[in-house]
Amino acid sequence: MEKARVMMVGDVMGDPGLEALEQMLPPLIRENAADFVVVNGENVAAGFGMTEALLQRILAAGADVVTGGNHIWEKREFWPVMDTENRVLRPANYPGGCSGRGHVKIKKAPADGGPALSWIIINLQGRELMTPIDCPFKTFDSIINNQKPEPSDGGPPLVLVDFHAESSREKEALGYYLDGRASLVAGTHTHVQTADERILPRGTAYITDLGMTGVTDSIIGMDPKICLDRARNQVLYRMECAKPGPLGSAIRGILAEIETKTGKALSIKRIT
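Quick note: the sequence shown uses this note's numbering, first residue 495, plus one each step.
Keep in mind that the hints were calculated from the coordinates and are not lab data. Idealized CB from N, CA, C, for every residue including glycine. Hints may contain errors.
Keeping only pairs whose Cα atoms sit at most 20 Å apart, straight-line, the calculated DMTMM-like set for lysine to aspartate or glutamate is [stated by the list, open to error]: (1) Lys599 / Asp723; (2) Lys755 / Glu571; (3) Lys601 / Asp717; (4) Lys737 / Glu579; (5) Lys755 / Glu644; (6) Lys737 / Asp723; (7) Lys497 / Glu666; (8) Lys497 / Asp606; (9) Lys632 / Glu644; (10) Lys601 / Glu579; (11) Lys758 / Glu666; (12) Lys737 / Glu525; (13) Lys602 / Glu525; (14) Lys642 / Asp628; (15) Lys632 / Asp606.
Simulated DEER-style distance windows between Cβ atoms [as the list claims (entries may be wrong)]: (16) Ser662 / Pro574: 32 to 40 Å; (17) Pro609 / Asp723: 27 to 35 Å; (18) Asp723 / Pro643: 30 to 38 Å.
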């Protein structure tokens, strides 16, 4: 049975998260013989947004594609980069006219050699408890329905989805909606790794949230004192990324195996 191994890594939080990614991701890729790697980088610039220099560091660490979310728009100078660099995505269901792209198709040979595999990576954003942008369900349908098979594909494209959403219910709903049509649906945005990784009935690997890559002794990667003050006082103090403490930093995500001939997931496990 021919299979591919894909790794998806949760939101990289500021410099501590990026340093952890640069230190830990290359050996993880080697040890797990990962064929394709997706990293969410929307919080890499001190917790809010991305810059071109930071994007290049994520790619150099081993990411094949870097996904985004609602914070991808924080650095206006980054918008032109999203128009020219096809390895960085923003959620596809933002209305037309926005910078960047929400999906990309990439051909890449497996880690152990052999014919190149076709990968389609789609970035979507939820609407429950978030900005009510275009429908992520219909957006996925539109993207997939407009894909044209190519003779060099060598089989069905392996479809990976980063669903950047607040609501666990909405994430699970999209997972079931895409079951059998996507190889993997992974949630991001809430920064807390969930323990519900599983293979859905029609063969899609799913997890509600990948977690975050950053300081362990933190509140979603941010300074605990500032987060506590915001919660207790209901004042919007400026958020700052936590500084590494005795527990250090961690990288979190998943590793999944996908059958290349069918696009069905064979396994999924958490990485911490």
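task: Go through the numbered hints given earlier and state which of them the structure violates, listing their numbers in rising order.
output: 1, 2, 3, 4, 7, 9, 12, 14, 15, 17, 18
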